[in-house]
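Chains as they are written, first to last, in our numbering: chain G, 123 to 495; chain A, 9 to 211; chain E, 892 to 1083.
Note that these hints are calculated values from the structure, not bench results. Fair warning: there could be bad hints in the mix.
Dumping the calculated DSSO-like pairs for lysine-lysine here, alpha-carbon to alpha-carbon at most 27 Å [as the list claims (entries may be wrong)]: (1) G:Lys-195 x E:Lys-956; (2) A:Lys-69 x G:Lys-128; (3) G:Lys-218 x E:Lys-1050; (4) A:Lys-129 x G:Lys-128; (5) A:Lys-202 x E:Lys-1050; (6) A:Lys-96 x G:Lys-152; (7) A:Lys-96 x G:Lys-195; (8) G:Lys-218 x E:Lys-1017; (9) E:Lys-984 x E:Lys-928; (10) A:Lys-202 x E:Lys-1059; (11) E:Lys-1017 x G:Lys-195; (12) E:Lys-928 x G:Lys-128; (13) E:Lys-897 x A:Lys-182; (14) A:Lys-182 x E:Lys-984.
Residue strings, one per chain:
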Amino acid sequence: MKSMVKLSATLAAFTVSASLCLALVHLYTKPYIDANAERAQTAGLRQIFPDAAGFDPVTDFPASGSSSITFNKAYIARSENGVLGAVVMATGATYKSSTLLVGTGIDRVLKPVVFIENTDTAGLGTKTAESPFIDQFAGKTADDSFVLGEDLDGISGATISARGVSRIVQLAAYHSGAYLAEHHGGKAGTGAAPVVKEAAPMSVEDALADIWGDLDTADVSDAIENTIERSILFDGAWLVRDSDEVAGVAILARGQTYKASAILVAVRPDRTLAGIRIIETTDTKNYGYAMVEPDFYELFTGKPVDDPYLVAPTVSDGDVDAISGATISTLGVANMVKIAAWEGSRYLAENHGGMPGADRSDPFVLNEIPQWE
Amino acid sequence: MKNYKELFTNGIVRENPLLTLMIGLCSGLAITTSVENGIGMGLAMTFVLLMSELIISLFRKLIPSAVRIPIFIVVIASFTTIVDLMMKAFLPELSGSLGVFIPLIVVNCIIMGRVESFASKKPLDLVVFDSLGMGLGYAWVLAGISAVRELLGAGTLLGFRLIPESYTMGFFAKSPGGFFVFGMFIAVNMLLKKRLAEGGSAQ
Amino acid sequence: MNELVKIFLSAMLIENIVLMRFLGLCPFIGMSTDIKKSTGMGVAVIFVTVLATAVTWPVYNGLLKPLDLEFLQILVFILVIASLVQLVEFYLKKSAPALYSSMGVYLALITTNCAILAVTFDVIIKGYSFIESLVYAVGVACGFFLSLILLAGIRERLKIAPVPAFLKGMPILFVAAGLLAMAFGGFDGLIK
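Build the full structure now, drawing on both the sequences and the hints.
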């Protein structure tokens, strides 16, 4: 027993003296460790406002207004002369996801944008974090339109990433400007909040309203011939009138894409598409699912019904560009749109004086969708 | 004096902890992606080894055999913590890139093994040379492996670019490369030892 | 549930503790000489890892953190693990001698297994909840077990393979481990 006590006492003695030594070292190093941590946190912020004396976290910063973009943190950059501007750490959907620091000056002019994280495709989407793309934002104002091809240059092969990043910057800048104006006497903005078209499937009603606005619609589903062609089914049709004139017809087509999708195809009497909208899709997120992006479906607005609707690069001179990494999805969509467009045009020609199509006995050439073995 | 030299060189080649005794491997392979990491880890481990061996040798008469393992653990863990705290405070980038492997020095078999088999029995002066030899033996192998992996995997050496980026082989920067390079080092060391032994016996 | 499955799979396969993170190598090399030894070691590791995590997690989050004693983490954790293993060994010897004779001898070796300490540190760094930590621990230990068994199988074949002289023994073993690591590298991207 006595030896047990002696043993435990020795062990305890060592442990206690060790802990005391550690406590001393800890007290000595703590200030340095804390300083390092603080420096790491504000490193990104300092890149944007190098003259700032400090950064105050903001707790009442507004939300982005878009479901795919979140403002994680916001700071007000201060100097001894007053508020320099605001920095927002925003995460948003690009091809996959990106997290950026967006700095806006009190004068609504943007500072250089700094990337914190980018999970897009290496060599393609990650180019958004490199010059010259990333340099374009510094010097823009929060009121600019932020449209690729207009006031911004895109990146070929990485359109979704580029558009995603500019969307994030635009919203962050707009809300920073508004916040600074409201709380710190910043310059007031000129425009309304940027409307970010949600990249999500929409209901038939919303789709009809999105394409044609507030026009009268009538259900004409029974008038549409439902031929099951290439696993495509017509699940409804609506005739749209603008007072007495027929604006067009919209057909809801369900069919096979990578998995399955439902697309509303809107046709005008002059054999062009008023547009398409994705109502449902179960295709893979970040691949075929990208069909819900306005950047994809807007490509069909105004497209002639008589176009071949063949997908490039599968067909070398195809007129529909495949979604990057989602060729099968695009093939399916193109076929569905074409067949629905033809049927819509036929209906309009036969019933409402629409332009008739060229006579074709053999229905058109469709994209070959590779089938799994 | 001859004794010291032999003790010292023992750890560097003959009984090199990584290549001959095959202990303390864990931290070895994981962080050897850059020479800076390799040297940093080697030095950190040597510090813990040296200080632990010193303290335990100093107090060896006071450590009862029955609780010696826990006491060894306390001593080694304390010095590991000291290294960890000091690095976090004064070498934050190195601490960040070595990450969880600094705390893992505490379970580095080299230290525990050396302390148990040597430091608890031998006087201070011998212990100093043994720990320095073992530590250096560990460090040079780490530095060597890191040099190969950094040069071939990233094209740089200590951050200086030597090979253009398009010629680098990512294989070496990833874990399979680590295994391969380490296997080669062992093979080369075995060959060297054999030659040395043959050379020695021929004389 | 989905999150837990992700944690488990990534701990076991994508970030396999031996092949991708180089932890737990000593028993990996020493114990994989035959499948029977590997099984014993693997089971012991799973048991100790989960137990160690189950004890160290509350100790950190309930004791060290609230009292601002995080700097004692290394010391406390390793002592806890060492004592835990002693206790388990003691208890096993007394109450389940058959189990002890098949698994007990490995327990002592496990105390300095870097993989186990690494797991206890990981769950703190990753900020996992208690349940997530346990799932992670099981995943890591299963990954360890898996790689051990695989290497043991390879080793048995290596014994009769024509290996060049200078690669015989340890070197070829590491090359084999490297190939195994390459295979496991293929799991990257398993979880989107």
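We went through each hint and held it up to the structure:
| no. | hint | verdict |
| --- | --- | --- |
| 1 | G:Lys-195 x E:Lys-956 | 25 Å, holds |
| 2 | A:Lys-69 x G:Lys-128 | 14 Å, holds |
| 3 | G:Lys-218 x E:Lys-1050 | 48 Å, violated |
| 4 | A:Lys-129 x G:Lys-128 | 21 Å, holds |
| 5 | A:Lys-202 x E:Lys-1050 | 22 Å, holds |
| 6 | A:Lys-96 x G:Lys-152 | 9 Å, holds |
| 7 | A:Lys-96 x G:Lys-195 | 26 Å, holds |
| 8 | G:Lys-218 x E:Lys-1017 | 22 Å, holds |
| 9 | E:Lys-984 x E:Lys-928 | 19 Å, holds |
| 10 | A:Lys-202 x E:Lys-1059 | 14 Å, holds |
| 11 | E:Lys-1017 x G:Lys-195 | 20 Å, holds |
| 12 | E:Lys-928 x G:Lys-128 | 39 Å, violated |
| 13 | E:Lys-897 x A:Lys-182 | 23 Å, holds |
| 14 | A:Lys-182 x E:Lys-984 | 42 Å, violated |
Violated hints for the displayed structure, listed by number in ascending order: 3, 12, 14.
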